[in-house]
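Number of protein chains: 4
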Amino acid sequence: MTSRENRGRLLISCPDRIGIVGAIGQFLASCGANIAESAQHSTAPWGGDFFMRVEFELEDLPNREEALCRDFAKLAEEYQMRWRYHPARKKKRMAIFVSRELHCLQELLWEWQDGLLDADLKMVISNHEDARPLVESLGIPYYYIPVTPENKPEAEAQALALMDGQIDVIVLARYMQILSPSFLEHYPQRIINIHHSFLPAFIGRNPYQRAYQRGVKLIGATAHYVTEELDEGPIIEQDVMRVDHRFTALDLRIAGRQVERAVLSRAVKWHLEDKVIVHGNKTIVFA
Amino acid sequence: MTSRENRGRLLISCPDRIGIVGAIGQFLASCGANIAESAQHSTAPWGGDFFMRVEFELEDLPNREEALCRDFAKLAEEYQMRWRYHPARKKKRMAIFVSRELHCLQELLWEWQDGLLDADLKMVISNHEDARPLVESLGIPYYYIPVTPENKPEAEAQALALMDGQIDVIVLARYMQILSPSFLEHYPQRIINIHHSFLPAFIGRNPYQRAYQRGVKLIGATAHYVTEELDEGPIIEQDVMRVDHRFTALDLRIAGRQVERAVLSRAVKWHLEDKVIVHGNKTIVFA
Amino acid sequence: MTSRENRGRLLISCPDRIGIVGAIGQFLASCGANIAESAQHSTAPWGGDFFMRVEFELEDLPNREEALCRDFAKLAEEYQMRWRYHPARKKKRMAIFVSRELHCLQELLWEWQDGLLDADLKMVISNHEDARPLVESLGIPYYYIPVTPENKPEAEAQALALMDGQIDVIVLARYMQILSPSFLEHYPQRIINIHHSFLPAFIGRNPYQRAYQRGVKLIGATAHYVTEELDEGPIIEQDVMRVDHRFTALDLRIAGRQVERAVLSRAVKWHLEDKVIVHGNKTIVFA
Amino acid sequence: MTSRENRGRLLISCPDRIGIVGAIGQFLASCGANIAESAQHSTAPWGGDFFMRVEFELEDLPNREEALCRDFAKLAEEYQMRWRYHPARKKKRMAIFVSRELHCLQELLWEWQDGLLDADLKMVISNHEDARPLVESLGIPYYYIPVTPENKPEAEAQALALMDGQIDVIVLARYMQILSPSFLEHYPQRIINIHHSFLPAFIGRNPYQRAYQRGVKLIGATAHYVTEELDEGPIIEQDVMRVDHRFTALDLRIAGRQVERAVLSRAVKWHLEDKVIVHGNKTIVFA
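Chains as they are written, first to last, in our numbering: chain A, 14 to 300; chain B, 14 to 300; chain C, 14 to 300; chain D, 14 to 300.
Keep in mind that the hints are not guaranteed to be accurate.
A pair holds if it fits inside one copy or across any two, identical chains being indistinguishable in the list.
[Stated by the list, open to error] List time: in silico SDA-like cross-link candidates among lysine to any residue, alpha-carbon distance up to 25 Å:
#1 K165 x I216
#2 K282 x L263
#3 K135 x P28
#4 K104 x H116
#5 K104 x R255
These are calculated hints, taken from the structure and not from any lab test.
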């Protein structure tokens with residue numbers, strides 16, 4: 014069995030207090046687990062919130078994780094922890110939504126093929142046919158679900174039905190439709206969007222056109238979890254690139270693709286590796 | 014006489030048409046001037062606006078520039094040019110306004126001492142006394158003009174009187190007072206401000222606090238010419254730096270100083286070297 | 014006819030002297046050409062070398078460029094110019110060489126498909142079969158030419174024969190064979206290589222392994238023209254990314270792909286758009 | 014008593030094995046200490062080396078730290094730990110060495126004045142007089158020790174005598190003399206140098222001149238601990254900035270100051286906050 018089989022991850026949030034790190038460390042040691050990576054964050058030295066990500070190795074983990082979780086639940090109760098356990102061997106099942114701009118999809122597919130995205134890529138859903146050849150050439154199911162103002166509820170229902178029980182995380186790789194609150198409810202903190210600006214600048218439509226009009230000297234992109242408020246969800250990652258007066262609005266749009274795909278790709282990777290904890294409207298990223 | 018004595022700069026804007034570069038080049042050659050640097054920009058291949066910056070060397074320039082300008086005016090008329098001539102030997106006379114945060118002032122003073130800022134630094138004006146020792150230790154006049162909601166018109170009048178006929182450019186190096194439209198009218202496109210965010214994100218007060226609340230992953234700074242609309246003037250330069258969940262609002266403020274001083278310093282340098290042309294609410298920077 | 018049909022580029026090098034810009038500008042104006050972009054560089058205000066790139070629009074260029082070049086040759090003689098003329102409508106014919114790491118090839122193929130690489134991609138040549146499916150799926154001819162220490166001269170002869178008269182520029186997109194001087198002679202300043210380090214650090218083999226051993230905090234990549242001396246040719250572009258103590262040598266290699274493909278892609282784009290002039294062992298890049 | 018008084022740091026290295034984190038955490042909890050920050054690194058999941066930095070809060074720490082260390086020593090023995098304890102309240106005593114280029118010194122002084130450098134700045138030593146006014150204006154002792162090939166041993170002896178028992182860390186802020194092995198022996202892993210290139214490129218003299226000749230597109234700086242082999246010590250931090258063909262060797266030197274001072278300042282800050290562990294010829298930086 015490879016070491017991947019025996020690797021587990023714990024994500025923990027709780028009120029900060031003395032002894033948490035020791036208790037978790039002792040617990041894992043008492044199970045015979047070795048901590049391979051560990052990161053923590055406290056919002057304040059006393060009286061704050063505590064967050065931790067631990068990645069550990071434990072022999073014969075698949076057969077022992079049920080007991081481990083049962084035992085950890087007792088500790089968790091004592092410290093009022095919210096926690097999640099993820100075995101590294103179970104890849105998250107991912108759906109990608111895309112419209113007509115394919116660069117972000119392409120980047121994700123490339124990294125996925127290269128083994129750099131730790132996901133089980135189940136399907137690509139699109140309101141256009143543009144991405145079909147690319148996606149099907151890799152043997153990934155492609156679903157064309159056109160969306161109009163009139164059929165939107167039906168279209169969303171169709172997508173939900175396709176994904177039902179199959180999908181752990183949805184990536185909006187330049188999907189140009191706004192999802193309804195009822196859709197979002199099915200995947201809280203599990204839908205990642207790429208917005209083509211440095212949020213909170215240029216929320217909403219046509220950010221490159223507006224960046225052009227404002228005469229900014231950098232353009233950016235933001236990957237965030239989708240919430241009901243447009244472009245207001247917890248930010249996972251952002252980056253920028255330098256531009257100048259020679260760039261037309263179209264040039265900005267083309268150049269910006271480089272930032273968009275890099276930013277989305279990092280955010281998705283971190284999510285898949287359980288490196289992101291949402292805290293209110295922010296994220297803690299143990300990158 | 015050093016080569017600096019003989020170096021001149023022309024900044025030109027006009028409707029684009031055939032022959033402009035040739036005409037300017039021929040004109041300078043016919044005067045015996047050698048073009049040392051030249052940069053241009055057209056907003057469109059046909060029918061756009063044309064912008065040019067030429068830096069040239071001409072022997073005995075101080076005695077010949079009057080005639081040169083007179084002759085160039087004829088050419089300029091033919092091509093409907095707006096233009097400015099700046100001899101490199103005449104440093105721009107600069108006033109710096111500052112409040113209590115001194116990092117931007119300090120950076121400008123260092124660069125000025127080092128000969129990297131091509132300015133004649135005439136005075137520092139402040140609504141506080143904090144910067145006095147630093148400024149006076151360098152032999153630069155320091156004027157303390159306190160500002161309250163009540164005395165603001167008088168305070169501005171006092172500053173204007175001190176600068177009257179003495180100052181070519183004003184730098185707001187973290188000056189935390191909003192200047193009135195009537196003040197601004199005296200120095201159109203000649204007041205440079207540093208705003209401590211990546212505009213248009215976080216316009217107005219407390220950008221670091223708001224950046225903290227939004228959970229951004231980069232913080233930034235923007236140097237721009239001041240216009241009547243707060244933080245809406247033409248952007249000269251912007252930059253960002255990476256932050257993460259560990260930064261408190263105070264940490265952001267301290268870290269951001271590095272970006273603020275670098276961005277302001279570059280913008281001021283470019284302005285002093287006549288590298289910035291304002292076009293509508295944008296800038297063309299021939300950096 | 015599109016504007017692309019009517020766009021021409023002149024790349025010029027000559028001893029600097031008074032009047033060059035004017036003479037070129039007048040010449041183009043007298044032909045009725047409008048300068049769309051122009052950039053120049055002098056190594057010194059007096060007595061240096063002068064370099065210029067001019068991009069112009071001229072109606073009916075395809076029928077007039079022969080005469081234009083004939084006339085320009087006279088001007089060029091007067092000023093001792095070395096010069097090249099490139100009509101924008103003629104895409105450079107490109108061959109890509111690759112071995113087993115496909116990320117740089119993939120990036121180039123994407124950009125080419127997206128219309129961002131202004132090239133006529135004629136063929137991909139490889140000493141392995143790995144890239145065949147990807148390349149052929151795009152309808153691009155793929156030639157497998159295995160290379161061993163014994164057959165190297167024959168292998169190179171075979172590649173040269175395939176390219177004979179067909180190829181303007183060769184891109185080594187992670188091609189792990191050293192080309193012989195006699196091969197290089199056929200394509201002076203027209204073979205672009207990506208080296209997976211920030212040259213001149215880690216010249217030669219296994220740069221990531223050596224970067225790991227040295228404990229650097231940034232890794233980089235360098236695109237350069239290939240010359241007889243390994244990794245010593247004129248540098249076109251370089252970039253870096255941040256790493257830390259957690260990166261194994263393998264992690265560096267994987268992370269470095271992002272920089273390699275970005276750097277190579279920029280360098281190739283600039284070459285294709287005639288934005289690079291080689292001067293001794295350096296480049297002037299009018300990016 | 015402020016919280017700073019009660020903050021302690023442990024830096025630990027040992028062979029990796031099960032239970033270390035738990036043991037340390039339990040130990041601190043049993044003392045009543047709350048872990049405020051913690052970072053760790055393992056070179057391999059099994060059989061590697063383990064490194065940890067823990068920052069904790071403990072009431073009445075100054076009176077309890079002796080006992081705490083005594084008790085921790087037992088734990089350390091069990092796990093074969095090399096370890097250091099640093100109370101945050103004890104600032105490291107720092108000497109800065111400088112020659113004639115003052116930008117790095119200036120940056121350090123500015124940050125020190127601002128309270129951003131957690132050091133007790135005891136003295137500045139120089140082989141020139143250039144920095145005296147700046148240093149003495151801040152009330153810091155300045156020692157002028159000229160160095161020639163002949164008097165070097167005496168000069169070093171003089172510096173060692175001045176620092177004897179007074180100094181925890183030496184910063185070479187562009188000090189242009191090579192220190193002898195016997196000098197270095199007094200301050201192992203406690204002398205930080207800034208080298209004005211991206212090491213291992215341009216080891217030794219005149220890096221900017223050589224960068225200019227090579228035609229690089231980025232210049233860099235490297236902060237490292239000084240060892241007997243010139244520019245080969247463990248790297249703490251590096252960074253780069255973009256340059257182009259317009260930069261002369263002098264321009265590179267001037268522009269590079271920005272990178273040098275930023276890189277040195279970060280490295281010094283991390284050292285002062287006990288965030289750097291040297292491991293062989295590399296560093297682990299818990300930044």
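message: Run through the hints listed earlier and report the numbers of any the structure violates, in increasing order.
response: Failing hints, ascending: 3, 5.
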